[in-house]
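**Student:** Chain order of the listed sequences is H and R. Heads up, the first sequence is in the working numbering, so the first residue is 2 and it goes up one at a time. Heads up, the second sequence is in the working numbering, so the first residue is 1432 and it goes up one at a time.
Since the hints were made in silico from the structure, they are not lab data. The reader is advised that the hints may include incorrect statements.
A few chain R positions that, by computed beta-carbon distances, are all more than 10 Å from chain H [unchecked claim]:
hint: 1; residue: ASN1441
hint: 2; residue: LEU1455
hint: 3; residue: LYS1468
hint: 4; residue: ALA1490
hint: 5; residue: VAL1503
hint: 6; residue: VAL1520
hint: 7; residue: ASP1527
hint: 8; residue: ALA1529
hint: 9; residue: ALA1530
hint: 10; residue: PRO1536
hint: 11; residue: GLY1538
hint: 12; residue: ALA1539
hint: 13; residue: GLU1551
hint: 14; residue: PRO1557
hint: 15; residue: LYS1564
List of simulated lysine-lysine pairs, BS3-like, C-alpha gap at most 27 Å [stated by the list, open to error]:
hint: 16; chain 1: R; residue 1: LYS1444; chain 2: H; residue 2: LYS74
hint: 17; chain 1: H; residue 1: LYS275; chain 2: R; residue 2: LYS1604
hint: 18; chain 1: H; residue 1: LYS40; chain 2: R; residue 2: LYS1564
hint: 19; chain 1: R; residue 1: LYS1604; chain 2: H; residue 2: LYS316
hint: 20; chain 1: R; residue 1: LYS1444; chain 2: H; residue 2: LYS40
hint: 21; chain 1: R; residue 1: LYS1482; chain 2: H; residue 2: LYS40
hint: 22; chain 1: R; residue 1: LYS1482; chain 2: H; residue 2: LYS346
hint: 23; chain 1: R; residue 1: LYS1564; chain 2: R; residue 2: LYS1482
hint: 24; chain 1: R; residue 1: LYS1482; chain 2: H; residue 2: LYS331
hint: 25; chain 1: H; residue 1: LYS346; chain 2: R; residue 2: LYS1604
hint: 26; chain 1: H; residue 1: LYS331; chain 2: R; residue 2: LYS1604
Backbone N, C-alpha and C fix where the C-beta goes; we use that ideal spot for every residue, glycine too.
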Amino acid sequence: MTRTRRVFTLLILASLCAASAWAIERFPPPEFETDYVMKETTVPGPRAEWRQAVDVTVLFAALCAASWLVLKKRSRRGVFVLMLFCLVYFGFWRKGCVCSIGAIGNVCLSIFNAEYAAPWYVVAFFFLPLVFTLFFGRTFCAGVCPLGAIQDAVLLRPLQLPAWLESALRLMAWLYLSLAVLFAATASAFIICRYDPFIAFFRFGANPAMWVVSIAMLVIAVFVGRPYCRFLCPYGVLLRQVGRVSKFRVTITPDECIQCRLCEDACPFGAIDKPTVEWPQKEYVRGRQRLLILIGCVPLFIAGGAWIGWKVAPKLATAHPTVALAERVKLEQAGVFTDRIDASKAFYSSGKLLEELYAENDEKQTQFAVGSAMVGGWMGLVAVISLLRHSIFWKRSDYEAHRAGCVACGRCYNYCPRHRKWKENKALL
Amino acid sequence: MAQQNPDNLNRRKFLREGLFGGTLAMLGAAAAAISAKGRKTEYVWQIDPYKCIGCGNCATHCVLNESAVKCVHTYAMCGYCDLCTGYFVPEPKALDTAAENQLCPTGAIIRTFVEDPYFEYTIDEPLCIGCGKCVVGCAAFGNGSLFLQVRHDRCVNCNECAIAAACPSQAFKRVPADQPYLLKDGQ
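Sequences are here, hints too, so could you generate the full structure?
**Tutor:** This is the structure we're talking about:
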């Protein structure tokens, strides 16, 4: 048992230089006298590549089916069944990953970071729904997106929200998108994925805080139609803008609107626009004045937003692990903290120089200062444009599905008497 | 108003068509630009064993209830020690397989006698929770042949790995799927 004694001597020696010693060969591998065969470390492979191709194919097929069901077949039931299938496939079976919403992070990181390139199927997940929306409206939201599906499935007692509240809450989605781009571009975090409110259900697992958020979100979804899609979804913001110029889209009536008002309250997402009445002359003049003032204020909003962005940049920057570490190490060096956390322990034992860490920190801080100011300015512009829109008179003679807001779920179809007529005629043929 | 309408409509239609075409072209250009850079293969998450400090976050932060991170063993680096500091608690009562002597909270390391004085240590993966206690023990006083790795038969490859976000030593990184492991090689 000489070896045991050797071990103990070494134990004492090693404990003296434990921090710096890392994977040093203290005990040379033995020469075996028996016919012992040394084992190999097993390396089970990742998910086979062809299965990502299956996912993209299912996405493409589902998008085609959704567009056909919504626009050609005009079938709410069909969309609902497709939606449930996609909830099971993309949500519970594929565990909600990768999804088009989260792909924003990969695409941004790919654009801003030289070392990372988004894999082909993530790029497909990002662009396919956008292209389909450009042609057919937001059929992705209606039938394919698992996050939309889980909210749509629990919507039982929809409340109507006032238009101003809806506009104001929608700014959150813009902010979420802008921050997601900022954090992904600086390689800090994919916040869309980190704070996905429905992943807890898809995986039957999450940390306690996310469970609370997830359950709260689902409870809200019972009363407020698709709260995530309307007020938070960063991808929804993109789809809305593309939907504005889409080639085809949901029309409540298959042919002509007879102004029967039956569809007026049909939409739980506040996406049916009523015909407008001409503003009184006085209102019109006031609207024009307000418009002029607001246009004058555009630079103010942008500058104000940029200033706020600039101010909060150091706070946002701590989302990056290197910045958080550098801040902590600085405080430890200054003697504010006497104890060390895991991160600073790891840093000290890595042998990296303080100057190197501080230099990396400065670089990230600069990135964040610029990026955050840009996000702030952009948010200012978005806010002022949403105000501007309320000061313009939009002329409309029929009941129409809103180009951006309509998620193409097809709920309004059955409210329309013209649709029922159309369906009867079709059944006869 | 009435005679303005057709003209108005045409102008609107023209604008819409223009915007549609513009957006389509923009999407196409963006997709082309990004896929020009795109790799054929995907990325998976892996731990750089030389950065890992065995803090234990892997056991608790994975989205899976049983972490996708497990301890692995490079046998070629192992000293086959009788007193394995990855296997035994500090100052064990006896060098045997009794639970109170084992460092592993789940008893996931199998100790088998090879020949005097050598013992082989194998990880029973279904039992391993990826806490890294043995990793720390082995690295502190042994050869560092035990280390943590993301096991790809378990990993669901989240777009943002929850453990990576909590890793204090930034040891988690995306690696190409055709080389999904960062093993210590024993050289």
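**Student:** Each hint: holds or not?
**Tutor:** Outcome of the hint check:
no.	hint	in the structure
1	ASN1441	holds (16 Å)
2	LEU1455	violated (6 Å)
3	LYS1468	violated (5 Å)
4	ALA1490	holds (14 Å)
5	VAL1503	violated (5 Å)
6	VAL1520	holds (13 Å)
7	ASP1527	holds (13 Å)
8	ALA1529	holds (17 Å)
9	ALA1530	holds (21 Å)
10	PRO1536	holds (19 Å)
11	GLY1538	holds (19 Å)
12	ALA1539	holds (15 Å)
13	GLU1551	violated (8 Å)
14	PRO1557	holds (13 Å)
15	LYS1564	holds (14 Å)
16	R/LYS1444 <-> H/LYS74	holds (26 Å)
17	H/LYS275 <-> R/LYS1604	violated (52 Å)
18	H/LYS40 <-> R/LYS1564	holds (22 Å)
19	R/LYS1604 <-> H/LYS316	holds (24 Å)
20	R/LYS1444 <-> H/LYS40	violated (72 Å)
21	R/LYS1482 <-> H/LYS40	holds (25 Å)
22	R/LYS1482 <-> H/LYS346	holds (12 Å)
23	R/LYS1564 <-> R/LYS1482	holds (15 Å)
24	R/LYS1482 <-> H/LYS331	holds (21 Å)
25	H/LYS346 <-> R/LYS1604	holds (20 Å)
26	H/LYS331 <-> R/LYS1604	holds (25 Å)
This entry does not satisfy hints 2, 3, 5, 13, 17 and 20, going by the numbered hints stated previously.
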